[in-house]
Amino acid sequence: MTDDLNDLKAIMDQATPSPDTARRAENIALAQKNFNDLQGSRQDVRPTAVTGPKGLWTGVKTMLNTTMIFATSKGGLTATTALVACGFLVLTPQGQDLLRPPSAPQITMTEFDSTTMQPRLENGPMTAEELSRSEIIQEAPSGAEGQILLGPLETPTEDLDFTDRSDAAPRVLPQLRDDAVVPQMQEAEIVESLPEVRSRMTENNLSAPLASPATTGTTAPEVDAERETVVPPSSSATFGQLSSGGLYPSSEQQTPSTELQEAETIRVPGTDVLDLIDDALGVAEPDTEAFPQADNNPLKITADDPVSTFSIDVDTAAYAVVRSSLSRGQLPPAAAVRIEELMNYFPYDYPAPDAGEAPFRPTVTTFQTPWNADTQLVHIALQGQMPEIAERPPLNLVFLIDTSGSMDDPTKLPLLKQSFRLMLDQLRPEDQVAIVEYAGSAGEVLAPTNASERTTILQAIQSLGAGGSTNGQGGLEQAYSVAETMRADGEVNRVILATDGDFNVGLNNPDALKDFIADKRDTGTYLSVLGFGHGNLDDATMQALAQNGNGTAAYIDTLSEAQKVLVDQLSGALFPIAGDVKVQVEFNPAQVAEYRLIGYETRALNREDFNNDTVDAGELGAGHAVTAIYEVTPVGSPAQLSDPLRYAPNTVAATSDELGFLKLRYKEPGDAVSQLIETPITGSSIPGTEANFAAAIAGFGQLLRDEAYLGDWGYDQAIALANANRGDDAFGYRTEAVQLMRLAQSLSR
Amino acid sequence: MMTSDEDLATAAAAGDGAAFASLLDRHYDRLFAFCFRITGSRSEAEDLTQDICAALPAKLGSYQRRAKVTTWLYRVAVNAAHDRRRKRTSYAKATTGWGDWEVNRNAANEDTATKMDWLTAAMGQLSDDLRDTLALVLDDMTHAQAAEVLGVSEGTISWRISEAKKALRTFKQEEDMV
Chain L
1 MTDDLNDLKA
11 IMDQATPSPD
21 TARRAENIAL
31 AQKNFNDLQG
41 SRQDVRPTAV
51 TGPKGLWTGV
61 KTMLNTTMIF
71 ATSKGGLTAT
81 TALVACGFLV
91 LTPQGQDLLR
101 PPSAPQITMT
111 EFDSTTMQPR
121 LENGPMTAEE
131 LSRSEIIQEA
141 PSGAEGQILL
151 GPLETPTEDL
161 DFTDRSDAAP
171 RVLPQLRDDA
181 VVPQMQEAEI
191 VESLPEVRSR
201 MTENNLSAPL
211 ASPATTGTTA
221 PEVDAERETV
231 VPPSSSATFG
241 QLSSGGLYPS
251 SEQQTPSTEL
261 QEAETIRVPG
271 TDVLDLIDDA
281 LGVAEPDTEA
291 FPQADNNPLK
301 ITADDPVSTF
311 SIDVDTAAYA
321 VVRSSLSRGQ
331 LPPAAAVRIE
341 ELMNYFPYDY
351 PAPDAGEAPF
361 RPTVTTFQTP
371 WNADTQLVHI
381 ALQGQMPEIA
391 ERPPLNLVFL
401 IDTSGSMDDP
411 TKLPLLKQSF
421 RLMLDQLRPE
431 DQVAIVEYAG
441 SAGEVLAPTN
451 ASERTTILQA
461 IQSLGAGGST
471 NGQGGLEQAY
481 SVAETMRADG
491 EVNRVILATD
501 GDFNVGLNNP
511 DALKDFIADK
521 RDTGTYLSVL
531 GFGHGNLDDA
541 TMQALAQNGN
551 GTAAYIDTLS
561 EAQKVLVDQL
571 SGALFPIAGD
581 VKVQVEFNPA
591 QVAEYRLIGY
601 ETRALNREDF
611 NNDTVDAGEL
621 GAGHAVTAIY
631 EVTPVGSPAQ
641 LSDPLRYAPN
651 TVAATSDELG
661 FLKLRYKEPG
671 DAVSQLIETP
681 ITGSSIPGTE
691 ANFAAAIAGF
701 GQLLRDEAYL
711 GDWGYDQAIA
721 LANANRGDDA
731 FGYRTEAVQL
741 MRLAQSLSR
Chain D
1 MMTSDEDLAT
11 AAAAGDGAAF
21 ASLLDRHYDR
31 LFAFCFRITG
41 SRSEAEDLTQ
51 DICAALPAKL
61 GSYQRRAKVT
71 TWLYRVAVNA
81 AHDRRRKRTS
91 YAKATTGWGD
101 WEVNRNAANE
111 DTATKMDWLT
121 AAMGQLSDDL
131 RDTLALVLDD
141 MTHAQAAEVL
151 GVSEGTISWR
161 ISEAKKALRT
171 FKQEEDMV
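So the protein sequences, as listed, match chains L and D. Going by full-length UniProt numbering, the first residue of the first sequence is number 1, and it counts up by one from there. Going by full-length UniProt numbering, the first residue of the second sequence is number 1, and it counts up by one from there.
Simulated from the structure, these hints should not be mistaken for laboratory data. A couple of the hints might just be wrong.
[Claimed, not checked] Covered by chain L, per the in silico footprint, the following chain D stretches (three or more residues, Cβ under 8 Å):
(1) 3-13
(2) 22-33
(3) 54-62
[Unchecked claim] Cβ pair distances, simulated, as ranges:
(4) L:A15 <-> D:G155: 27 to 33 Å
(5) L:R487 <-> D:A144: 56 to 62 Å
(6) L:L424 <-> D:E163: 55 to 61 Å
(7) D:T71 <-> L:P17: 22 to 28 Å
(8) D:A144 <-> L:Q418: 29 to 35 Å
(9) D:R30 <-> L:T449: 51 to 57 Å
(10) D:G155 <-> L:G465: 36 to 42 Å
(11) L:R421 <-> D:A144: 32 to 38 Å
(12) D:G151 <-> L:G732: 41 to 47 Å
(13) L:D568 <-> D:A144: 57 to 63 Å
(14) D:A144 <-> L:R454: 38 to 44 Å
[Unchecked claim] Here are some, though not all, of the chain D residues that point toward chain L, as calculated from beta-carbon distances under 10 Å:
(15) A19
(16) F36
(17) G40
(18) K68
(19) A122
(20) G124
(21) L138
(22) I161
We treat Cβ as the ideally placed atom computed from N, Cα and C, and that holds for glycine.
The following block holds chain L by itself, in its conformation from the complex (with noise of 0.2 Å):
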């Protein structure tokens, strides 16, 4: 730059004032609007957000009213009833296929196409023909179906309430749903069928009449079988039904999955099993992102309720999702943090079992709360057993792998490409690999072939490219069959999905998903699921099938999460030594007054499914250790909660010195019927650099879902803990755990 350059600039600098705070804020909440509209129209492909408590419901709603606020003209009118008409139309499984943009993240649009805001704005009536042509791809695609389906079923009201219109949308749905056979529609249909839906909603709900409905394309005489299918008849009959308001479907809608309050690990009532619905469906909750909504494990009184009983988990992407999201520079959304995970993240050196022994060793150690003087952990450490690596058996691997069009993105398809190679170098020849694609074509990639013809599997690999539809049931179905043929006596078989939680599984019925998965594992096939990208990941989905597929659900952010995944802990992923692991602890009403179970809400078991062995738990893998802490206030503690009962019979006989007594079950792999292991928790002792590390990880894992037990205790003295108990951490796991901690301290001031 030259000096007149220089003065110019400085002048400039000099001139340029500070923009204004008012209108910086509007133009910030503005942009932030607009944002979340176009999420409810395009996150048809992507239910979920992984951060942010915007959800695609609520995109959906302010995006109708929004345009409400432009809908005083008859064009804008038009332009919402039609949006809502295209609501219904991408409810069908043919709508969505002809909606659904070709690759999704690639919407349509350039810098230099200034046009791009403007159909919104527009107040000239629009054709239909505009608007199935631009608006309805922009606005209204495909996906849609999740969050409408189990939106706010409100009563419509009459008073010209917008968003009650829309709201009429997930009640055709599930007549919608099993309607799988209707032959496709051809492009004239959709635009045929939107004045028909669009009268529709004039009846019911606008005493104002519509700006012309553009009647064009031609009555093709499937037409009107397809409107009877986008809107029966009796759809309305059941509005008065629906509760108003409420963000849960009615419980008529849950009938049809009743079946599904049965899903063996996830026993929490209420909420959950809808959470469960949602998971087998693939869809979001209504109102926030797909992470399992669980409340936080209660304080339980020892002499009310002295047996606490719950399934190992052994899954880590809750710890990958909050440092994805802490490294944005956001603290992760409380759901998302599920503290289990969290411990069970890292390695830890706890005492291995001795050969023959049992396939994993218990080690229970109490000793005093850091972040509370008066009560006490009880840590209890599960350490599976190392099996000789050179002995293990051969491994039959299918990846599954989602090119839909939302894996085309760095973080995503081409992350997992490196991934994969990562891992193929873990592989013995004997090994066998075949990959089966989903996306509009499922099909097989590379049909089983020896990990030792690399150059093949690698070209293969290289090949996937992402784009299309999402054919998720035609690929599950092919993976599973290609695992049968491969399967052998004495091999390990294992189907793993990798996705970035946008799968549409095809399935219709939840309760088919999870049974087609948990017969595929009783006949031996288990599944593990790695998830893929942020934005888009359905947390919850990714659980319930891990879960139901005995396997594990982990991550993947970055090349070194792959690291650690499928090379580092790659045997453990994929070698159960133990199934079925759950977890009974009964603790002594003379010695422990109360006591809390520090996450694991997702995993707590009903106390007589202990005892039962055809309820599902988790399975432990090959060196895998699992770590559960209990909080437990000793009785006569100050920091008792709950005080004593006046008219109770209060009189607990002091018959033994013990906290409590631990019962583990488990089953071999293969076996049907379950083994048990039972320890006694005994007092307090010095806890070692592990047990200091876990808890360090259990108190970050508390303050980051803001739990109200921890008193003064802040990131300052977890940093301290987790920092002073490394240990050898010889693969800096702990050392960014500490990093993490920072940075969600920074973040939380």
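Put chain D on the given structure of chain L with help from the hints.
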């Protein structure tokens, strides 16, 4: 551990609202300053920034990871400014900003020539293209970066800058003579 703009933009394009919020928060002030430079009026800059904010979410789809976020953002801003000018010309000639300075100046030529006025006048002299180019270069962008934003060759930028300088010099001489 500061997440890069590019990561944020990619995340936002993938539907991450929080990422979008932090991205916009990071760049709003710079964006506004740039809008001021190409419009020359505070209220005009506020309005232009509003236009950009409103359209930005939809534009995110066009963000390519190859590009720097600032480059992309400036391109969006320049395009938004073009749109605004185009709309304007259909109503009437600009009523505020650098553009209307000529009008004011002709009406009241005896205004004191403070630095600010000189700047206003100088910028008003320039054609839209020159002004956009100058605004970018004054914002510490290299000619190559400015070329990427405006979608022209680097040579064009250099030529425009020399044109702008020439125009400014001429203007300065005229001023001095007055």
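Which earlier hints can't be squared with this structure? 13, 18, 20
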